[in-house]
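Asks: Residues per chain are reported as follows:
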Amino acid sequence: MIPFDYAAPATVEEAVALLAEKNGQAKILAGGTDILVQLREGLRRAELVVDVKKIPELTDLNYSPETGLVLGAAVPCYRIYENAAVAAAYPALADATRIVGGWQIQSRASVGGNLCNASPAGDTIPPLIVYDVVCRIAGPKGLREVSAAEFCAAPGRNVLEPGELLISLAFPPVAPHSGSAYQRFIPRNEMDIAVAGAASWVQLDPAGKTIEKARIALAAVSPKPVYAEEASVWLAGKPANEESFAHAGELAKKVAVPIDDMRGTREYRVHLASVLTRRTLADAVKRAT
Amino acid sequence: MDKRAEATDTPEYKVIGTRPVRHDGADKVTGRAIYGADVHLTGMAHSRILRSPHPHARIKSIDTSEAEKIPGVLAVLTAADFPELEDKIAHLGEGSVNLAFLAANCVAKDKALYRGHAVAAVAAVSPHAADEAVKRIKVEYEPLPATTWVLDAMKDDAPLLHENLRTDEMGEKGDKPSNVASHLHFETGDVEKGFAEADVVIEREFRTASVHQGYIEPHVATALWNEDGRLKIWTSTQGSFTCRQQTAELLQMPISHVTVVPCEIGGGFGGKIAVYLEPVAALLSRKCGRPVKIIMQRNEVFEGTGPTPGSFVRVKLGAKKDGRLTAGQAWLAYDAGAYPGGMIGPGCMCVFSCYELPHALVDGYDVCLNKPKTQAYRAPGATQAAFACESVVDELADALGIDPFDFRLKNAAKEGTRRVDGPIYPRIGLIETLEAARNSEHWKSPLEGENRGRGMAAGFWFNVGLKSSVSAHVNPDGTVKLLEGSTDIGGTRASVAMQLAETLGIAAEDVHPIVADTDSVGYTDVTGGSRVTFATGMAAYEAGLDIRRQMAERAALLWECDANDVTIEGDDYSANGNSMTFREIAANLHETGGAVVGRATVAPEGSTNGFGCHIVDVEVDPETGKVTILRYTAAQDAGKAIHPSYVEGQMQGGAVQGIGWALNEEYFFDNQGAMRNASFLDYRMPTCLDVPMIDTIIVEVPNPAHPYGVRGVGETPIVPPPAALANAIYNATGVRMRELPMSPPRLWKAMAEKAGSRE
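Protein chains in written order, with my numbering: chain A, 2 to 290; chain B, 315 to 1073.
Since the hints were derived computationally from the structure, they do not count as laboratory data.
Do not take every clue at face value.
Capping the alpha-carbon separation at 27 Å, the derived lysine-lysine pairs in DSSO-like fashion look like this [what the hints assert, rightly or not]:
#1 B:K452 with B:K423
#2 B:K402 with B:K425
#3 B:K449 with A:K28
#4 A:K214 with A:K239
#5 B:K374 with B:K342
#6 B:K1063 with B:K630
#7 B:K1063 with A:K255
#8 A:K142 with A:K55
#9 A:K255 with B:K1068
Input sequences plus hints: build the corresponding full structure.
Replies: Written out as structure tokens, the structure is:
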């Protein structure tokens, strides 16, 4: 492990200045559950580590039914699933935060960090995509916004430019008659990385019989978590039944272009994409009614 | 609930069979126990090891000059620092080893034979400096083709690991170099005749992946080379004396110059018998004049130590319509890893060990390939063999329409049965164990629901005797200090101390067991082979008899009578109307001649035998192939359970390791022969959420070769799980899985193929 400097700025401006000065040689520390391991194993290098947990905007969790959720980028997972109102409003997010690592990890790791780490298998990313979350980014040139579906660029790479910092994630207010779910497949029952993951969000008609809108996103089946557009669009206007879910699963797996590795074969992951899509749609519909 | 099966005619015991708090419990639960990583000596240097990135490569040159320039570096070591060693076989108690191979496994000489093979080491003032220096060592490799699957390595055109290795076949050497180190052959009767008599013959092939012992404590050693030539080593080992012997032989020094201090051990399961770090730390210490400590990282443990063999096994069994087995044939190829001497011997001995077979033929091959040198893992070699045999037995019973218990009971080995490798069983408890399992509430209760199935399998492992020595000092307060040489992996301080307490008629808490270093206790073989409670327990019993005799003499002195007139009942000594307790006599030790020291050395001949039977209920997700274990019961003959909680713990731990082996654990190699999952994240051992409570049934058929009837219990429980699970999966899905692990992608694919062939 190479020695590095440490700074804990108290404002976004200070943090951005530090990051800009190092021009890519600074790394951001929130929960540290990824970056510390990566630094120790030599997978990433840093001259400076910038701890962002002293910046109020990054540790705020602000929810109201009218305006939705603004989630500071460094808020640890447990604060999401332990907040009954937030967990009820965004159940796919609660599902995902409950299964990232174990309790120790969940008390440190943040959703913002999970997104910035840009793992293809990041559990909290598909929920962000199906909620159509807006990522608020500060940088030397000011603020900008990027949709969650566009935030990851490649395995381990995101769209942040040198000097930029993810501030918060803005979730829209909960639509009426909507529900969502996230599931992943792992061979064990904990302490594992998703072989495949799927999040589904649906909005039903008032009678609860027909899907009006749907969004599906997949993890661990492509270089970055991916929005399954064709399946999502197809579901609009379809009856909320097993047949629709199964067909959506078949459509969703078209966006799956996974690799063969120690966590699963390509063929198996494509298959899981359809199974998990179907299962999360069924859950999401149940939660919507 | 105490679920031990009722045994008749068992003596009344005061201590044996009770569940006292373990003697080392407080230190362990409060974090005070001293493990290898807790050793900190003044001026201690830290070492890191450079490992080969290639699975097979010639080492053309090593340049350490840049590493030596790093500030804080104290010494750099390569294979050139080891003494020249001829091919010499050293006997290590359980198993033997060629010293030249052992040395080359510690640090590669001319070739790296597996990815992770140690190539050089650095000692420095800090781990960070050592880390940095290791990166500056320049090694010029010539990569060679590699092979990691046993059948590939046996082919004529396979890359050769050792230019001089020729197949040993009944003492005869083969005529050309080969990766096949030896071919074993066992035969009884006439298999052709036996198969001709059969009404049904089934022959199947099985494959298993390499799996690691998975101990939570990585290998660690600290060595201090004194200027007068004495060497002291603190380490995590299953055998302090075998560690002493290996280190002394590799460094070509007298064993009396080496002291090994066994620290508390965080799991071994067979993987902490061979030395890796001790000679390296010792040579670095000699070079730099300081104590040197080496701790492996987890990836080094996976890539540089263990694992147990991957295997290919073909089993053929024939039976009459009434279920009587007529013949069995097995062909087993086990990988030995980089150097000869894998687990093929016990694999051959165990494959048919549960059954009476009039005609049997077993061929086994020990095969070198580009993986770490394989090591023992809990009943080494037996699990792979039982997976094959118990799967075919199940299929045969199914084909004949016979209940799997009835089939096994009809053919079960018993007293007088001759195993294919020769020995004739003394009194054993397989039939009682099968009956206890069949009579269990688990087997009798119905299993309902879709995609669910129940399976069972039997298993066998030896109890080796080997050599154990103990001494025990009586304190004036009536307690007894017990010095033993068996490192305590599975609660053996308690089980050995309890046997001494029983012999002396005192409380378990009044015996204080200590695992002593190699200077402080007589030679004791490794903790392995399910032998410690059996053999070291026997030594404790005999030391107890020695103490009783001496205590009777002290009483006789006090009462001015003949020691032969003293009668002993429990802890009560009496003669001529006088009577004193053990404690009262102890209070008079100083007045009657000083300390009483009991001692004993035992070397029980041959091997006794432990049998088990497991039952498992599973549910298979038909869409993902994931297996959920709904219920699990392990039954086993313990002979006599000294401390039932630790017997149950062994049965549960073994079952869980077997479940991991069966369902998810495997060395995953890429097409370059590199392991891709050298972490506990991706090498998927079961977590506590993956297994239910393992129910246990202790069967007690006393071992006639032990004063308290003990049979070792540590290893047998890992043997049945893969076969029991495969049989349960078949009953749930109709698919026979013949390759381990039966991981979700594999099972899903097998189910999909079966569904496809039905359509």
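Asks: Run the distance test for K449 (chain B) versus K28 (chain A): straight-line Cα separation, threshold 27 Å.
Replies: Holds. K449 (chain B) to K28 (chain A) sits at ~24 Å (cutoff 27 Å).
Asks: If you draw a straight line from the CA of K1063 (chain B) to the CA of K255 (chain A), is it 27 Å or shorter?
Replies: holds (20 Å)
Asks: Checking one constraint from the list: CA of K214 (chain A) to CA of K239 (chain A), max 27 Å. Satisfied?
Replies: holds (9 Å)
Asks: Hey, K402 (chain B) versus K425 (chain B), does the alpha-carbon distance stay inside 27 Å?
Replies: holds (20 Å)
Asks: Just to be careful, I want the Cα atoms of K142 (chain A) and K55 (chain A) compared with a cutoff of 27 Å; is the pair within it?
Replies: Holds, at roughly 22 Å.
Asks: Decide if the proposed pair is consistent with the structure: K452 (chain B) and K423 (chain B), CA atoms, cutoff 27 Å inclusive.
Replies: Answer holds: K452 (chain B) to K423 (chain B) is near 15 Å, not above 27 Å.
Asks: Decide if the proposed pair is consistent with the structure: K374 (chain B) and K342 (chain B), CA atoms, cutoff 27 Å inclusive.
Replies: violated (47 Å)
Asks: Measure nothing beyond the straight line between the CA atoms of K255 (chain A) and K1068 (chain B); if it is 27 Å or shorter, mark the hint as holding.
Replies: holds (25 Å)
Asks: Take the C-alpha atoms of K1063 (chain B) and K630 (chain B), compute the straight-line distance between them, and say whether it is at most 27 Å.
Replies: Holds: K1063 (chain B) and K630 (chain B) sit about 26 Å apart, inside 27 Å.
Checked against the numbered hints given earlier, the structure breaks only hint 5 and satisfies all the rest.
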